[in-house]
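Colleague: Start from the sequences and build out the full structure, keeping to the hints where you can.
Listed below, chain by chain, are the residues.
Protein chains: 4
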Amino acid sequence: MSPKQIDGKEVAKHNSMETGVWIVVHVYDMTEFLEEHPGGPDIILQYGGKDATEEYDPIHPPDAIKDNLDPSKHIGTLIPGSLAPPAPAAAPEPVQSTAVVTTGQVAAPQPYVKPDLSEILSLHDFEAVARHTMNRRGWNYYSSGADDEITMRENNTAYQRIWFRPRILRDVTKVDFSTEILGHKSSMPVYITATALGKLGHPEGEVVLTRAAHEHGIIQMIPTLASCGFDEMVDAAAPGQVQFLQLYVNADKSRTKKIIEHAGKRGVKALFITVDAPQLGRREKDMRTKFEGNASSHQTKGGDKVQRDAGAARAISSFIDPSLSWKDIPFLKECAGDMKIILKGVQSWEDAVLAAERGCDGVVLSNHGGRQLDTAPAGITILPEVVAALNQRGLLVPPGKPRFEIMVDGGVRRATDVLKAVALGATAVGVGRPFLYSMSTYGFEGVCHMLQILKDEFEMNMRLIGAPTLTDVVPSMVDISALKVPTVGNTMFGVNYETMYPAGVKAKL
Amino acid sequence: MSPKQIDGKEVAKHNSMETGVWIVVHVYDMTEFLEEHPGGPDIILQYGGKDATEEYDPIHPPDAIKDNLDPSKHIGTLIPGSLAPPAPAAAPEPVQSTAVVTTGQVAAPQPYVKPDLSEILSLHDFEAVARHTMNRRGWNYYSSGADDEITMRENNTAYQRIWFRPRILRDVTKVDFSTEILGHKSSMPVYITATALGKLGHPEGEVVLTRAAHEHGIIQMIPTLASCGFDEMVDAAAPGQVQFLQLYVNADKSRTKKIIEHAGKRGVKALFITVDAPQLGRREKDMRTKFEGNASSHQTKGGDKVQRDAGAARAISSFIDPSLSWKDIPFLKECAGDMKIILKGVQSWEDAVLAAERGCDGVVLSNHGGRQLDTAPAGITILPEVVAALNQRGLLVPPGKPRFEIMVDGGVRRATDVLKAVALGATAVGVGRPFLYSMSTYGFEGVCHMLQILKDEFEMNMRLIGAPTLTDVVPSMVDISALKVPTVGNTMFGVNYETMYPAGVKAKL
Amino acid sequence: MSPKQIDGKEVAKHNSMETGVWIVVHVYDMTEFLEEHPGGPDIILQYGGKDATEEYDPIHPPDAIKDNLDPSKHIGTLIPGSLAPPAPAAAPEPVQSTAVVTTGQVAAPQPYVKPDLSEILSLHDFEAVARHTMNRRGWNYYSSGADDEITMRENNTAYQRIWFRPRILRDVTKVDFSTEILGHKSSMPVYITATALGKLGHPEGEVVLTRAAHEHGIIQMIPTLASCGFDEMVDAAAPGQVQFLQLYVNADKSRTKKIIEHAGKRGVKALFITVDAPQLGRREKDMRTKFEGNASSHQTKGGDKVQRDAGAARAISSFIDPSLSWKDIPFLKECAGDMKIILKGVQSWEDAVLAAERGCDGVVLSNHGGRQLDTAPAGITILPEVVAALNQRGLLVPPGKPRFEIMVDGGVRRATDVLKAVALGATAVGVGRPFLYSMSTYGFEGVCHMLQILKDEFEMNMRLIGAPTLTDVVPSMVDISALKVPTVGNTMFGVNYETMYPAGVKAKL
Amino acid sequence: MSPKQIDGKEVAKHNSMETGVWIVVHVYDMTEFLEEHPGGPDIILQYGGKDATEEYDPIHPPDAIKDNLDPSKHIGTLIPGSLAPPAPAAAPEPVQSTAVVTTGQVAAPQPYVKPDLSEILSLHDFEAVARHTMNRRGWNYYSSGADDEITMRENNTAYQRIWFRPRILRDVTKVDFSTEILGHKSSMPVYITATALGKLGHPEGEVVLTRAAHEHGIIQMIPTLASCGFDEMVDAAAPGQVQFLQLYVNADKSRTKKIIEHAGKRGVKALFITVDAPQLGRREKDMRTKFEGNASSHQTKGGDKVQRDAGAARAISSFIDPSLSWKDIPFLKECAGDMKIILKGVQSWEDAVLAAERGCDGVVLSNHGGRQLDTAPAGITILPEVVAALNQRGLLVPPGKPRFEIMVDGGVRRATDVLKAVALGATAVGVGRPFLYSMSTYGFEGVCHMLQILKDEFEMNMRLIGAPTLTDVVPSMVDISALKVPTVGNTMFGVNYETMYPAGVKAKL
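Residue numbers (the working numbering), protein chains in the order written: chain D, 1 to 509; chain A, 1 to 509; chain W, 1 to 509; chain C, 1 to 509.
No wet-lab data here; the hints were simulated from the structure. A few of these clues could be false.
Each pair may be met inside one copy or between any two copies, as identical chains are not told apart.
In silico PhoX-like pairs for lysine-lysine, Cα to Cα no more than 20 Å straight-line [to be verified]:
1. K327 x K174
2. K340 x K401
3. K174 x K253
4. K285 x K114
5. K269 x K258
Modeller: The following block contains the structure:
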């Protein structure tokens, strides 16, 4: 049945509880759904009678409305041009238009010019371009971390506390950094880890990564909270292309079962059960996005605003089951069938041991990119004790069974980071934000360029450490004696702290 | 007897030793009291013949004059309007009117706009708003620390050197962070610790905290040096609301006895004897407040100015007994009756052991918010050795007796900080400055919002560490291997140090 | 045969594959050589029909063309003035014309005035002058390091983690810091280590260092990748002046043999085989030089630009043999005859032990000045464990044989740095960049002044540690308990990280 | 014989080797003395025919000319007004006239107003005022350190790595911080250590300190290189006032004998033999003073300028005997008679043990204020191992003999620093620069105010650590577990290091 054509003026009238709340993503009547909306009613009310498409698209999978709304609520499609587009409220606006960085000197700001892709030499470069060209909403969602972002920064810093112990005079004419992850070939020990809301950075969303993964022979982990639909991402894969699925387990178990079984049918090879997020974290930089530019306008009181503060992350995650526990593992294994089961977000050797004992196929040592529990340790920091504990119990290479695989993610920006993880016993490393940044700035070509940079770095650095293959990258190739020395700090406290000045010297802030 | 009405012009004449010194807080003749004034005669002389109300109020409890002055010195009440108000000498003036923070770039200062309460996302935010909106006198008194403020900063920094060891796959649907402190229910393991001079931040003073404590089910510790009177704060409590009392022991023991017994009668449940302040510390930032804006004017010599330098803290504390020692504990216990006795300011395991052996009910590991002895360690830093020492001697959980309770205060800004202390063995954590900042910026609503933020953080973070209740928050949930690595420094030395520059490169400071 | 004189207009026509590619270094026809060019065809094509002399000279030894091109390709010599010089594309331009360094204050930039040589007090000073006066191409090539330059900075930082344990009351009237390196006298325990492309800094190139080495009685290590020719540098030496040769082993073994045997005939005393560079590292600061000033102009796509990005280092190094391994040592020893064989770039005690066992005469603990593998440790950091491992196996002072010599290079700026290495067991220390900076700024006189500074520092500091001779500089003179504490960090991540700000305080950048 | 009156015009003619070199400090003919001048001939030639008084005075003791020049060279006294004063070449000029310190914000510089003495709250404050008001020559001489000033900064930083372990509930009504140093009473465990050239900061020089020492009951150590004469300083002492003498041992032993015996006769109680300065260190910041403001003028070449670079320190110290060794101790002891002998500048436990074994009465753990050997450790850092080594050998409290006394100096700014040294076993702490800064800024009153501040801090802090007397300040009162963690760095390297920036973000220095 072809949907009814609706005039925008009609829509514009339905903007309150009294008139009913219609919004344009097609035109739907949301009045009765308001209270059920996982992100709270406020955000819908705000778009009542308006065109919410731009706001809606990147943070909902395509079938979200169909899955949640009775078909009767579908009023029809909008008559094109009949509704003025909303003022781009908190919408696109570059983080800053200048990019001169100085240290204490007056410099005339220069307009930011996006560099040619050939100028991008490292993963850091994509991040720099993203910071200066993405709209603030997307940048803030991608780049923010939990609380004081101590863990987020530590994820990167921890790698700098590991020194190499390179070997010399080994024939490194041919260097092979290909590997297998859970039995599947990968051109390097790197996979695309799941990150949410890809359309905040690129209009096509996660399928861009799907294609680049194929182009460069690596594995993509499909996120539950993608902007693209699950099937859309599977369809985007080339024949034989391996994909994994990251899974937030739904409080509604039947729904979880349906999702897993569907994934199995579509050829997904492994399930990565997120276990570090019984509730999605607060990312305050992201939450502050909401208030920018209108500090004086919302002079309202308490309570009813709280919902609105939560940022994109929490608005989309209320379905996650906080009761998920070890006793659910058999159920998940049963649903999974042939698919392997990996726990993503393990943060102690005790839980890695439990995972192996309960029959999981591996773990990802992860703190969710520093977005969940602040002052959780970096995955790389706990990797040595996890390996030791598993080895001690014979669980790492169990007789007659495949190796229990350990992966790590968070903070990786260089192939050297990956090689350190491999040396310490990781199968592979998940990379997240750098993929979002390369996709958001240069699209498919950017992601491919990024992967080529990593390959160049692998080739060079394996030569330089004296390892022709990844099996030569062994624990004695790194010195971790300084691994547990903290080097980070609480920047928020530092901003608030008022420096003392001696007599006669006055501070201006 | 209704007091005599006095004309302001009459008052204005009495402004020296010759004419007698009358000051207006009602109109009193202070001439004979000058030398007895704990804060020294100068400050009174300065207000001779003037209206001292605004200066007097926040730093004296309401009954200070009645307690110290003979009724005959009460001249009468001022005829309203008959005395011009004093020029607001060192009085209200925002710390700064701009709030642009840049790193090495020219930025046009923007007027500071106080954010809507709903924008306040963390305890840091209250502090930022306080810094930019409080008058300098109040901000300096609250925010300053001893000497080079090394300990004050360490109090916060120490928490960042503790990493979590979170557990996964535990059912955290329901999270319960309520607890008991000294046998009394608290909605979370946090109490309002005693801080002085609440009226420097809010005209109503500490009763604002009393009401918020009730609203959110936590316990307030009443300070000896409150701006509000003791009874006023007890009266402000709701029926059944638990309050503790912080006590500076008076050199005059009979006075101490009277205070304790009165507290007992009024229902106070525990006495927190301050043991880290035989003398109140020097807080140089606070002391500098006096000199701001008039650097060239006081070209006087030495001596007689010293008294004036001492800042608010010392002016109000000369009664404190520096002879207080372990031999006074039996006397205090006797006065206390049913009230529990806690030593506040313990800084070594040796003294914690002594406290337990001498029959105290607990200790607070505290350095007085970094306001007393600089380079004293953070309470959280010594907590592990205190717990170990008590345990080793069977003093922590003595057979047949209530647990000896250990509390910690100083530097806490996040629920994660509190959870680390609980994991290491603390019953609860005292929070001080954040309450002052939330009260000073948004009043009662601000304090409630702050407590709600803490509750949200507790709920989230207990889920994320895998602890449904506080009894699940155990030592193995933290990694303290880096706890004793110092990360702070002496900023004053750094400001004075003149950086070297190589040839041809000249520094301009 | 006198070469033919060519008119520039004729040359200018030969600028593509169609017309043939002539370039002016004398006039050669490069058409057929394009694909064989170690630096790739693009860079030659870019100069087709143009005068490439200025670009060619500093990065090729004088006999490069004769060795690689058939004489028939030599078209002739250019008729002077008949070809317009190329626009000085990425050419000389001072790094900056101002040198005021301020910390957060507005300062009017002052024009940089090169200081008189007598004002140069330390090796740091040469570096400062070089930074402000060298053209960007030379500065970037010399000063850059691998990846995030963590190792490059660590090389210097590591020395600051070693404290002296000076001795007193020893007669230090006469201080003798002369020594022997591989049996050859040196006026101090310092040698000039090999660095490439000396003409980027000084038009005469490495021979300037040859002369200064003689003037001050130290040993120069001749680099394979010098701008001057090998024989030119040997000819520049005074009679009896000792020289070493650094060697990149060529994939073409016969060529290597020829080079070594020729070196032996010319009197070179020792071969330093570079073993840390099977492939030359990426130095991103250097690579960025290419793009400066023309961000918007090259809107070309992918692929064909990659070659161009590689910077000077890689363009000149494609001949290096990545298959070089321990099995080639006997061949190298045989070619070397009487010359000693030292492995330069050893980074673990395991390989130092192997080197001694395979009959090498010594090792240089080096990470190639931080230019190869980032997060490789500083040589000084691993020196203690190398000495211990060799000693334990009796390999350091083998009975009846000369001592196995350990050298260190990287990050040295002070005689104190050298003395620390000597105390820990090094024979001598290689210094690289400081020689380039002194040569590039003040030429021969600059290098001599630098060596005099080092001698002054040695005399003073040996007095101050109480060591009349280098044999008195023993392990107990240093405290290395803090050697393995990391103090560096990833600046690139830091630049990208967006600092958080509390509510109401907005960041600009 | 009354000296001849000389007309200035006559003097002005004698300004070269040809005419003879007369200079005005009285009028002397220096021609023949030029080559013998310890500071080199250049500096004298520069003042030939001119009035050198202002330059001469602060860096020579009064009897320097009489001791070194034949009376025949005394031409006579200058006819007043007959010689124009020299242009104040590198002379007085405030370090800077503004004192606004900002962190990354544009601030209009404000004129520096010297604070009233009553505003000076800490020793840091004197340093700040000195930095902003002293002439650059004096400031640079006082404030500079050796090489990269790493040790100078470490001297202060090391104290921040020691945490207190304060005790509570001890009767601290009366606090007594008086002590005995080498058997002589001192009002606190602090003495004025020897520092050179007092007249660079105050026209009266070191006698100002003599008087203040008496006023506050502490002991002054008279410096060899004082601006005042030795007898002048002894004469300035009050009857019974104890003084020590710091001694640079002269290469001419008979001269040393004469000095020591004279000191004994004048009542000096102890000799502090400087053993860390066989040669005076290079302080580059001080040396740079010479070049300021005239970078372009001296376009001269090499060599002959070197002498001029040496700065004040080396110009006055060429007499020091670098051959001084343990075998000279008996000679010094014999000269000393009843005076005690202390070695100042011990930097290892081995030498402290030797000192005790050779019959010295004590040592000062010192690195000469960071002015000699850079990266020598702070005295406080090695104090624990020195005490342990002496104790182990029974040398600290030898049976039947006075305690072997250990003193420490360098970096002290707070009474807490001193108390840490006392806790770890030091008798007392030498303070140097803070005395110079208080003297240079506020003269006698300033020094007294500084000593009063220290006394206030002692009283307060001994209360706060729970120590009624210094014998209660014991090792268990400090936690030194983090003492050996380095926190400093090489700022010169940091200034030269060019920070990397990602693509599209360009640095302007």
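Colleague: Between copies, within a copy, both or neither: which fits K340 and K401 at Cα up to 20 Å?
Modeller: This pair counts as within: shortest intra-copy Cα distance 13 Å, inter-copy 53 Å.
Colleague: Is the C-alpha distance from K327 to K174 at most 20 Å within one copy, between copies, in both cases, or in neither?
Modeller: between (48 Å within a copy, 17 Å between copies)
Colleague: Under a CA distance limit of 20 Å, which applies to K174 and K253: within one copy, between copies, both, or neither?
Modeller: between (50 Å within a copy, 18 Å between copies)
Colleague: Could you figure out if K269 and K258 sit no more than 20 Å apart (CA to CA) within one copy, between two copies, both or neither?
Modeller: Answer is within: at 16 Å inside a copy they meet the 20 Å cutoff, but 57 Å across does not.
Colleague: Could you place K285 and K114 in one of the four classes (within, between, both, neither) given a Cα distance threshold of 20 Å?
Modeller: So K285 and K114 pass the 20 Å test across copies only (18 Å; inside, 24 Å).
Violated hints for the displayed structure: none, as all numbered hints are satisfied.
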